[in-house]
Amino acid sequence: MSVEPKDPSIGVDEWVARSAQRAEYAPGWRGQAQRRWERIGWWPRLGIAALAGAAVPLLTVNDFQLQIGINALLLALLALGLNISVGWAGLLDLGFIAFYGFGAYGFALLSSNQLSTSGVHLPAYASVPIVMVGAACLGLMVGLPSRRLIGDYLAIITLFFGEAFVEFTNNVATNKLGGPNGIVAIDPYKAFGAQITTNKGYFYLLLILLVLTMAALHLLDTSRTGRAWRAVREDPLAAEMMTIPVNRVKLMAFSFGAVVAALAGTVFAAQQISVFPTDFDTTFLILIYAALILGGAGSIGGAVLGGLILSVTLDGFLRSPTQSGYLFYGVILLTLIVKLRPWWRLIAVVAGTALFGLVVHAIVHAVSASAVAGGPQSSGWIADLVRNWVVVPRNPAAAGNVGFVLLLGLLIALVQVRGRWRTVLLVPTLYLSVCVWEGRLVTVPAITRQILIGAILIVMMNARPQGLLGSRRVEVV
Amino acid sequence: MHFFIQELVNGLTQGSLYALIALGYSMVYGVLKLLNFAHGDLYMVGAFIGYFVIQWFGGPMALSVPVPLVLLVMFVLAGGGVGMLGVAIERFAYRPLRDAPRIAPLITALGVAFLLENTMLLLFGASYRDYNTSAFISFSTGIHIGPLNVDIVRIMVIVLSIVLMFALTMIVNRTKLGRQMRAVASDREAAEMLGINVDYTIAATFFLGSALAGIAGVMAGLVFNQIYTLMGFVAGLKAFTAAVVGGIGSIPGAMLGGMLIGIAESFVTGYISSTYTNLIVFGILIAVMLARPTGLLGRVPLQKV
Chain X
1 MSVEPKDPSI GVDEWVARSA QRAEYAPGWR GQAQRRWERI GWWPRLGIAA
51 LAGAAVPLLT VNDFQLQIGI NALLLALLAL GLNISVGWAG LLDLGFIAFY
101 GFGAYGFALL SSNQLSTSGV HLPAYASVPI VMVGAACLGL MVGLPSRRLI
151 GDYLAIITLF FGEAFVEFTN NVATNKLGGP NGIVAIDPYK AFGAQITTNK
201 GYFYLLLILL VLTMAALHLL DTSRTGRAWR AVREDPLAAE MMTIPVNRVK
251 LMAFSFGAVV AALAGTVFAA QQISVFPTDF DTTFLILIYA ALILGGAGSI
301 GGAVLGGLIL SVTLDGFLRS PTQSGYLFYG VILLTLIVKL RPWWRLIAVV
351 AGTALFGLVV HAIVHAVSAS AVAGGPQSSG WIADLVRNWV VVPRNPAAAG
401 NVGFVLLLGL LIALVQVRGR WRTVLLVPTL YLSVCVWEGR LVTVPAITRQ
451 ILIGAILIVM MNARPQGLLG SRRVEVV
Chain R
1 MHFFIQELVN GLTQGSLYAL IALGYSMVYG VLKLLNFAHG DLYMVGAFIG
51 YFVIQWFGGP MALSVPVPLV LLVMFVLAGG GVGMLGVAIE RFAYRPLRDA
101 PRIAPLITAL GVAFLLENTM LLLFGASYRD YNTSAFISFS TGIHIGPLNV
151 DIVRIMVIVL SIVLMFALTM IVNRTKLGRQ MRAVASDREA AEMLGINVDY
201 TIAATFFLGS ALAGIAGVMA GLVFNQIYTL MGFVAGLKAF TAAVVGGIGS
251 IPGAMLGGML IGIAESFVTG YISSTYTNLI VFGILIAVML ARPTGLLGRV
301 PLQKV
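One line per chain: the protein sequences are X and R, in this order.
Each residue of the first sequence is one higher than the one before, counting from 1 in my numbering.
Each residue of the second sequence is one higher than the one before, counting from 1 in my numbering.
Rather than coming from a laboratory, the hints here were simulated on the basis of the structure.
Don't take every hint at face value.
Unchecked claim - Not everything, but these chain X residues come out facing chain R in the computed CB check (under 7 Å):
1) Ile156
2) Asp279
3) Ile286
4) Ile412
5) Ile447
6) Gln450
To be verified - What the simulated footprint calls covered on chain R by chain X, stretch by stretch (three residues with Cβ under 8 Å from a Cβ of chain X suffice, anywhere in the stretch; the number is not a length):
7) 52-63
8) 150-159
Cβ atoms here follow ideal geometry from the backbone N, Cα and C, with glycine treated the same way.
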């Protein structure tokens, strides 16, 4: 293949980039499998994925694991909604979280005793459509500035809309909205006598909603509207010349995204039975962005995959020190295996790190016994394995902090150097990261989580801006 | 009337802080067309550096050196340190993305802000720390006429901010570096062809902008006493508002915007209610943006086709 959009791909549009990507498929069985998978059509693929998802509750009986699944599906649904405005229409919407909050609060108000003094207490089959229509209107309203503002200015105004939502729910009409105490005792999803109260029920409900949304969005993506969104994203002026009603198309993107988010919000409120303003703060918005970026903006499968991976990683693994250890060492090993070629470099680095650790541990132990007295803060066989290898002093917090700052410096240095020096520098970096992990990060999972999200955003943007499944975005000049 | 003046002074104090942070936003936006979301967190880092300088000199109760010297060291270290941090962030997070689609550096900036905030949280915890300014700068110094109380710290903050803004204006308008900055802001490629060292100019811009944020952080610690690791987000957001209301990319605009937001906030808190302060400030922003999408002093960008 002679299509070579490798590096300076300026001037190549999305369609050319996509065909180039197809030509770039790996040779051998991996490329073969990828091509097979792409050839079987979108709805059988979606069906296979849905069946795989439906099998998950059969594998576990644990309510906590189902809760993780529910969170993951919710994040996937939200990433899908965000994908409409950010991935397809190219409108940077930083107020997206407010639509989610609107859905949750809307459902909470209509389907609880909160408004019963004015005689409003609706069943879910009435309140969910009302909330969704309301969200569509709200989306139109918030989208209105996009008629005049573009790019960063739009981002700012939507960001303020998101902040205003949190302020609003915190401070306005506290007797109805509950202020910081939120709304509690919300009805479950129920229709015609049946109601969903178990986690398993909500898992399946979310799975069905997710699959339906994916199908609907796929149809939308391949329709005139979907093509119009991408045209507006690439070049609004040219799109306008092609008689695309740019403003209407932008408003539609906001509106559709808002509806998806509000739908997720209603399920969230019904499943949690309570909503609080802090559920909808900017931290969560950044998590949704991270999910979308990780999976690949502009791709339905990518958005869902990003949401699932991120949520399961952060909620599932990072809760317990042992499991987060598996994740930590697994990711490091996997990265090394993928990135270090040929195989003898991989062996050299791993063996070098092991040796380096032994030497450092011996030296530090000889100098001061208390400097290695801490031992790993995690437990399990991995901790036993590295017990006499890592340097963790008796007071691990302070040393771990210094180590963390050093580690950041080493990582930056690692990115800067090239060739042989990078391999050499990799050894102390790996060793230090294990020490910091065992000494400090394991003990503060909440902060580690946030640091990871930040790191994912930065690393993805620098290494693979199109995400895992996204197609290469190309700036047209 | 006293109440009015009191609130005006409070507003001006708060406004100068916003203006200093907003200047950094605006300058960085000018040269890179990038909204540096990490900027608010640089302000937080500055406040922490100031706090540790006080501790290093023996704590607020028993300073081992004269107060002016402590203040000088605080401002210099916070300005210099945060400035270097800003340059490092630009070098390692934003420079590789300079020719990427616009959304990439923006998302990276979100990531940097998140990373910075949580690194500080890891290192120093979530607890509030107290500058305890009144222990070494007596509250009774300053202007006290009847019920009107303007302490020396507030006067210092306002005066120093004005001096810094004046100095910055001079740098941008009168020096070679300023000319280079303006050239890069108006057209980076053309500037590069004319032999301007673009990398250096952008790094210098980040240094100046970040240093101002660091100094503003120290000032915030001195005036409001309490600092914490998440203080950067809301302040950054407000400063961001200020930069936008004034017209992002415009230096006098950032100052005007900062002062306006500060005074508006102070009057809303004083005369209406502190509950609605943020809502009203956001409302002002949205109204200004819709009426004048480019801000009060911003210029309408020419669209090249």
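Status of the hints after comparison with the structure:
1. Ile156: Holds. Min distance 6 Å.
2. Asp279: violated (17 Å)
3. Ile286: holds (6 Å)
4. Ile412: Holds - the Cβ of X:Ile412 comes within 7 Å of chain R, reaching about 5 Å at its closest.
5. Ile447: Holds: closest Cβ of chain R sits about 5 Å from X:Ile447, inside 7 Å.
6. Gln450: holds (4 Å)
7. 52-63: violated (count 0)
8. 150-159: violated (count 0)
Going down the numbered hints, you'll see the structure goes against 2, 7, 8, while the others check out.
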